[in-house]
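Student: Here is how the chains run, residue by residue.
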Amino acid sequence: MHAAFPLPDPDFAPTREFWAAAARRELRMPRCGCGAWRWYPAESCAACGTRAAPDWELQSGRARLFSWCVVRHVFLPHFAERVPYVTGLVVLEESKLRLATEIVDCAPEALAAELPLEVAFRALRFPGVAGEAVAPCFRPRGGT
Amino acid sequence: MPDWGQRVELDDVSGQVAIAGVGESDMSRASGRSTREIVGQAIDRALADAGLAPSEIDGLMYHPWGEPFTAADFHARYGTRHEIWESREGGGMHWAGSAPYHAAAALRSGRARHVLNSFGVAWASQRAQMLGGPGQAHAEDATKRNLELPLGWFPQPVYFATIARRHMIDFGTSEAQLGAVAVAMRRHANHNRAAVMRDRALTLEQYLAEPMILDPFRKLDCCLISDGGGAYVMTSPERARDLRPPPVEVLGLGVGRSATGEYWALQDPITSTPQVFSAPAAYAMAGIRAADVDVLTCYDPFTIHSILFVEDMGFCAKGEGGPFVASGALDFETGSIPYNPHGGHLSHAYVLGIAHVVETVRQLRGEADAQVADARIGVYGGYTGGATSTLVLGRA
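Protein sequences, first through last, are from chains A and B. Taking our numbering, the leading residue of the first sequence gets 1, the next gets one more, and so forth. Taking our numbering, the leading residue of the second sequence gets 1001, the next gets one more, and so forth.
Honestly, the hints are just simulated from the structure, not real lab data. Mixed in with the good hints there might be a few duds.
To be verified - Pulled a few chain A residues facing chain B out of the computed Cβ check, cut under 8 Å:
(1) 15
(2) 45
(3) 70
(4) 82
(5) 98
(6) 101
Said to hold, decoys possible - Per the computed footprint, the stretches of chain A lying under chain B, defined by three or more beta-carbons under 8 Å from a beta-carbon of chain B, are:
(7) 55–69
(8) 83–92
Small disclaimer: the values here were computed from a predicted structure and weren't measured. Backbone N, C-alpha and C define an ideal beta-carbon position, used for all residues, glycine too.
Taking the hints into account, I'd like the entire structure generated from these sequences.
Tutor: Right under this line is the structure:
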């Protein structure tokens, strides 16, 4: 485990661009020169086999809620101050890729399948861990 | 055949392997026992059950993950020195169901005559947090650690609560239907002297009155954390007839894999398991249909898994698992497919599938505590998230 766990590891190359983009308040997803999305990031493309680096394509940040759970139990001590929180999977509008994320600014009772969402960048901080990372969280779109 | 995973192509090993002895350790909450002590006790009992001396075990199977019981451990426990063939294709989880495939090759070639597969954990004693226990393997995956865990999508209870929610969205599955699984497993455990929850009754009303710990899961939707283990001895069907218990034979076996492995976030459909690949393959090798199965044991870390497995293994249509389990289908006395009569991971013990195989064998011998009447064909559904096994056993 890297020193800043559970923050993302800046030395893990496959996700470095994802987190670097998030720090600029951008959601970018990896796309191969052949056109295939490379998600989760891998050294080679499952579609064409190339090991060339993917392009990190800017996303609108629009998404739909695929599924979620409301975490009340503390599984890792780092999350003790965050519970209860909503985490789950969203489907991004352009790429249709699924992203694991935190759903913010929404009461659990208001969550519903296919709920329209938009990206909301939030700083992740964990007690006892130095530093922070900006992460693409999601919230209901347009105040719905 | 769907394209999100595949069955592994296997040679036909039907009729080549018998299970001639089974044993499980004492099952408990935190007990202070070591994994080796636990597995050693299970092996003692499996050897006694088979009527074999330690010096007659010339094959050992385990999985390198966790704390395997190797030939060195075996010799240390029994004071033996003989040559032992070792295979790392054994252990618990889905390997508890696929180990006989690899044992078959060793038995055929004469490399081993009596092959013992074992697995155990002391997770109840070893840990208070999800790191160091079931969650550790997932936290060690760099992709999960960098894309899922920081956003709070970790560990297994979170993955499978999310999957359960999607099953509810797609098929209308309800909390009470999840609860029906927990209640059925507890009723079975109440009939099983070896079960950790043997003395604790559970009604659906009690289940529904419990608070959610990660909606839509209550604590009762999650497996126990246990100290315990199991072992079973494999040999040829011919040799098994000379050993003590009534022999149980391997009729068929299948292995399935999801193309997305254990990245459940990416699996499409997320509410299916690779049992859709392994179960038909195993039934075909055995020459049976799902309707021929008398008793089913499946690796059940959460209530939702039992609903997914009865669907994916052909006992009801996809999406109908909720109403199916709520109808009482899993009950060992009155159900249409008696399921985990020992109580499973929810109420017997969470020893990662090895005790499910032990239970299946006991059912086919007619020696189980919660005995299914006249059980002749038993199936174990093994699971390691991205991989499944299906082991079809029959009373010889």
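Student: None of the hints should be skipped; say for each whether it holds.
Tutor: Quick rundown of the hints versus the structure:
1. 15: Holds. Min distance 4 Å.
2. 45: Since the shortest Cβ distance to chain B is 15 Å, the answer is violated.
3. 70: holds (4 Å)
4. 82: Result: holds, 7 Å to nearest chain B Cβ.
5. 98: holds (5 Å)
6. 101: It holds, given that the least Cβ distance between residue 101(A) and chain B is near 5 Å, below 8 Å.
7. 55–69: It holds: at least three residues are needed, and the stretch 55–69 of chain A offers 4 whose Cβ sits within less than 8 Å of chain B.
8. 83–92: holds (count 4)
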